[in-house]
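Fit chain H to the given chain A structure using the hints.
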Amino acid sequence: MPDKPTPEQDPITSKSYAAYYLIAMVILMATLFWAMWDEAWGQRPWKAFQEQWKDRYSAFLNTARSKSLTSEKSVEQNPDFAALKQAYEQADQDTRAKAAEIRAQLDDANARLLAVQSVFTDRRAYVNALTYELETSNSPSAKASKQKEIDEYKEKKATVEYPDGKRVAYNFEDLEKTYNGIRDEKTKISLQLGAVLKPKTEAQAKLDEYIADHMVDLTPQQIDGLKKKVADWDPKIVQINVAEANIVDRCESCHLNTREPLKITAASMESKGEKKPDEYAEAFTTHPDPELLKIHDPEKYGCSPCHQGNGRATTSVEKAHGNYEHWLWPLFPKENAQAGCQNCHAGDMVLVSGDVQFQTINNGKDLFRQRGCNGCHRYEGYDKEPEDLNSIGQQIKQIENQKIDNLKQTAYLMKQADAAQSNEEANRLNTQAVDLRVANSKLDGRLQQLDFQSHSLMQDMKKIGPNLKDVRLKLNKNWIPVWLKKPTDFRPTTKMPNFRLTDHQIQAISAFIWQSGLTDPLPKHKPGNAIHGKELFEERGCLACHSMGEGDQMQGGTFAANLSRVGEKANYDYLVRWIHNARERTRPYCPYEKKDIGPEDYAKKGLPYQFDLEHSRCPNDGHELQVQNMTVMPSLRLSEEDAEDIATYLMTKKEKDPSAYPNAAYMDDPSLKAEGQKWVRHFGCAGCHEIAGMEDEGRIGTELTFEGSKPIERLDFALFTEKAQRGGDDAEPITDKEDLARLPDGPAHKPWYNHKGFFEHKLAEPNIFDKGMIKGETEALRMPNVHLTKEQVLDLTTFLMGSEETSLPDSYQYKPGDARHDIQEGWWIVKKYNCMGCHQFIPGQQTVLMGLKQYQDAQEQLPPKLLTEGARVDPEWLRKFLSNPALSTTDTNRDGVRPYLKVRMPTFYFSDNELRKLVRFFQALSQQPMPYIPEEVPVLTAKENDMARSLFSSSAAPCLKCHATGDPNHDKIATAPNFLLAKDRLKPDWVERWITDPQAISPGTSMPSGLFREQNNQWVFAGPTPPSFQGYTGDHRKLLTDYIFQLTPEEQRRVAASMPHAKAAIQPRTNNRQAAGQPLTPRAGGSR
Amino acid sequence: MNKKAILLVSLLTLCGLLLLAACNKKENTEQSANTPQPAAAPAATPIDPATVATINGTVKFDGAAPKPAKIDMSQDPACKGANESENIVVDNGDLANVFVYVKDGLGNRTFDVPSAAVTLDQQGCKYHPHVLGVMAGQNIEIKNDDQTTHNIHPTPKDNREWNESQPPSTPAIEKSFAREEIMLPVKCNQHPWMKMYINVVKSPFYAVTDKSGKYEIKGLPPGDYTIAFVQEKLGEQDQKVTVGPKETKTVDQSFKPVAE
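Protein chains in written order, with the working numbering: chain A, 4 to 1091; chain H, 139 to 398.
Simulated from the structure, these hints should not be mistaken for laboratory data.
Among the hints, erroneous ones may be present.
Stated by the list, open to error - Straight-line Cα separation of at most 20 angstroms, EDC-like style, residue types lysine to aspartate or glutamate; simulated pairs: (1) H:K295 with A:D860; (2) A:K975 with H:D210; (3) H:K333 with A:E863; (4) A:K856 with H:D210; (5) A:K868 with H:E299.
As the list claims (entries may be wrong) - Distance windows between CB atoms, simulated: (6) A:A663 with H:G231: 48 to 58 angstroms; (7) A:G854 with H:P252: 54 to 64 angstroms; (8) A:N896 with H:G262: 32 to 42 angstroms; (9) H:P252 with A:A1003: 24 to 34 angstroms; (10) H:K378 with A:Q556: 33 to 43 angstroms; (11) A:Q556 with H:E222: 30 to 40 angstroms; (12) A:D860 with H:A202: 18 to 28 angstroms.
We put the beta carbon where it would ideally sit given N, CA and C, even for glycine.
In isolation and in its complexed conformation, chain A is listed as follows (with noise of 0.2 angstroms):
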């Protein structure tokens, strides 16, 4: 076989491809499916929940059915509902016959309206057509033709077939009247039809109404209306847009349940044999605070401005919920949820909606302004009065040079006007210049008002820390440097933190402060009774901000300092004048000058050594002077000798005495002091204490009012950066057992590289980003160990993590313009004195006081509770009261009000300022306009005041048996508020209230309810009627009222003496009117 010439290879078909085309064939249908899964399911996570949520929440609502099926059903069990239910059936039966008759002439009447209707339309129609075209025909000759044609037509009759058979021929106008016969008819039928139905409707709409009031869930029918709108439920994104806000949340697409009228738990969204709820349940549950959702409506707010997260986001969870590297605003964890409110809500010291407290965020700035963050941190609306004082004094200086501008141009235009050319010209400059001069009287009353407002000012300014100007006076000179050294170690509750002071800095700053602290003599005490000192302390109420013993021993606030150890470090005579009045100050500080101002400096001027409220005027410029410590600490009105023996009792409050303490000598080292100086500034010291030379050091911390939206690469995570964004079991940083301790979460093992990791590591240890740095003693950083518990770091965290500049619009930020703005301002002062710790504002606060060992047998003796102080106090007498308390200028060791409680209302020396948004905020928080006009009390007949007295004395009411009279021997045992207080102190309308059910405005008070019952609309006495009463046919409640409102002290001392056996002779002691009536003068600050 001669070889086969092997023929050249095919160019084109020399292989097969086929290989390579399935390959790529496979390749690019997976990619095709890819594709189409991905834009299906991929990129939509959310189906998968929305499937997931169909299953389990009809399978949810199917038991919610059942359950509200049975709890109707014992709803209709009630005997109410079946006398309901029979009136219906009742109404029911009654109406049928009726009914059923109607029914008929109506089926009648439409049938005879359809027949007549047909052919009244017809003929209508062409009657219509023809008038158009007479009405759009041209000549008047055409125009009489068609009106012909009209009036044949009209003319011409149609027949009517009625239903029985019946025909009948009109013409077009009676065929018209018929036609609306009919229907007149038929509407006299169907009104009537109404009206007969109408018992039978409304009964049914009273038993419909009776289910839905009684059923605690959702009735079956509005079970069944969700189950319809789950089984309707097509996919879809769920989204909340609101464009003024650059709101765009897409959040119920996952979180479906959201806004469901029902209460559902994460449990009972658990698909079946799960263990635990999975990530589907836990996105199932309803909003845990669906009263929240009411103040704050989703359509407005949408979700992230609370929450935070990427709401546009859908394609994943994390991408949603904001935790990934691109977002700055990620979601806030459970924990920290109530960052989101500072939002909106800065300028809110408590955050409460109905007697909900929003304690996290709450704390959270409490905290912030109690352990003093904001001596060294600026934080907008927090510590404002020095920049007050600040601004207002640049308002002064500008309206002086406004008004020496005025003058001069008032001198300039009236020589004009006497060099006039016209009478009108020199009229015209005259009118300009006095113009000129009515302007600068308004800026004289202007001027007047801001130099009330700076002096009110200096009042309102404190500092957290006590006065170190007064070191050598108050202080156990050894004491200094042990406290400095670790003050925790002294008392573990104490504000002032850790400093890690090396000892060379401890000597130095002890002996700056020591040298530096002023001289003047003290007068001396004698020592007093301790025993008795003991009893005041624990009865008038220092037990509310101070505490006693430690550990589990504490009893009391933590408001102020815990005086366990007092007597190591006081000096006695010092904490008598401290006790007696706090803000008796040693020497008046002159900010213009700079400097303490002494007697040489008053004596200079010829003037008398007095300074307090009343005196603050410098003798030197006349500008305002600190004439008080600037403490919040108040006056209780005690006499010098209660002082001594609270201050003799105090100081035997010791562990050791206070000469174990070693001897400070080089405190009085003056080469020392320069150098204590600058550590001195250097710490910041002067943010919390007042210091001689230092009273106006900046701030030395960074601003926090925005820390919250800080880029994350500007918080300096030092050497740890790695470590937080890499998280594992190295993560945690801190070692010291107890700055671990403080760790809400305990320590690190994710990754922590975000705000939260860096306050809660910084505010746990505040130098942790200093380790295994090198820094000079100098560069070290210099914030001091708080000590927090962990619950506080949480609090504070969450306070810093929502301290943010937000992109919210302003109308979005809780500003409010009416009343509600004196609610928020009162909240700032009544945070600031610690009024909750005595008194009850908010149903079921706890205060301090309710929690004491003295008063759980004894609840009568506590402070009274402030629940509808605005409602029930004439404003202006709260004014006065506020101011003075004791309600009188000579006897003032007593309380002005309850003098039967052995807790007294302390002095705050409020600043004119704060009484007036302390007044404002009661009366708001009672929903009280402003200002008050007082209701006008009838006066009494003879007859009226002769029942109303035989009323207010009888056996069965007695109220002076409780009541104060004024008479001492009575009022030992007298446990309720003086008579004659109730017409400047009282609204009436409030006093109508209270006497009908005073446990429903003050829980647990002693008065007692059921006094008066209803009868015919009016209150009448419960117990036995006097006499008198016979016929008489008024409200007894209102005839009480206006008899206690016009009460004199001659006749209460009468009803007083006519009562069996209680004492008379009352003294005509202090009318309260005259006394309130008096102008009252706090006083602060010495005099001698």
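Relative to the frame of chain A, chain H by itself:
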């Protein structure tokens, strides 16, 4: 989505989709039908009246009896007679006014609330009795036999607080407490010395010791019980007891004085 996942997904999608198309999901339709019902508690065994036991005993005060403080009632002339504090009433070592009840051991039995009310009387500006036992939900009829107005002011821990006025010769007030609470204090704000304690329990097995310190609890089904003795000042003491059918068991208890 990272690259690996894309590759994996693209390869798996083909098979996946085919599979998906084949088996339509119709598996969990009956899931909603039978929802879990909480298991009903097993019914308690009824009490057989033929086997019931009795517990009785005497409560003693082990120590010198404190002298009761005299009370000055002169502030209200309507309060006649002598009065002394009743917080520890001891006669010959027998301690009165101790509330004794079956604290534990009755399991999940529930008991009918008696329709008859118990009476709390105010007479001579004193409460009679000073210590009262009542079942939760049972009515307490509060009477005022004095010629003066009282107010009745319970200050409970676990029930609702109220405070109502009761003038002389007015009808009795009927009240009840819904929740169990031992030594619930009741006071009159107008007569500060007036104080008594109501004990609200869920079973009818309770008693208050009389002047001779004696008490008796009848009708108790046989079983193991914890009997609690509660005194307003001296606190609570518990004893574990087993009673057999028809047994009458004596359970005595003594209290020691507590340091004030």
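Okay, the hints, checked on the actual structure:
no.: 1; hint: H:K295 with A:D860; in the structure: holds (12 angstroms)
no.: 2; hint: A:K975 with H:D210; in the structure: holds (14 angstroms)
no.: 3; hint: H:K333 with A:E863; in the structure: holds (14 angstroms)
no.: 4; hint: A:K856 with H:D210; in the structure: violated (26 angstroms)
no.: 5; hint: A:K868 with H:E299; in the structure: holds (16 angstroms)
no.: 6; hint: A:A663 with H:G231: 48 to 58 angstroms; in the structure: holds (52 angstroms)
no.: 7; hint: A:G854 with H:P252: 54 to 64 angstroms; in the structure: violated (38 angstroms)
no.: 8; hint: A:N896 with H:G262: 32 to 42 angstroms; in the structure: holds (39 angstroms)
no.: 9; hint: H:P252 with A:A1003: 24 to 34 angstroms; in the structure: holds (31 angstroms)
no.: 10; hint: H:K378 with A:Q556: 33 to 43 angstroms; in the structure: holds (34 angstroms)
no.: 11; hint: A:Q556 with H:E222: 30 to 40 angstroms; in the structure: holds (35 angstroms)
no.: 12; hint: A:D860 with H:A202: 18 to 28 angstroms; in the structure: holds (25 angstroms)
Hints 4 and 7 from the list above are not met by this structure, while the remaining hints are.
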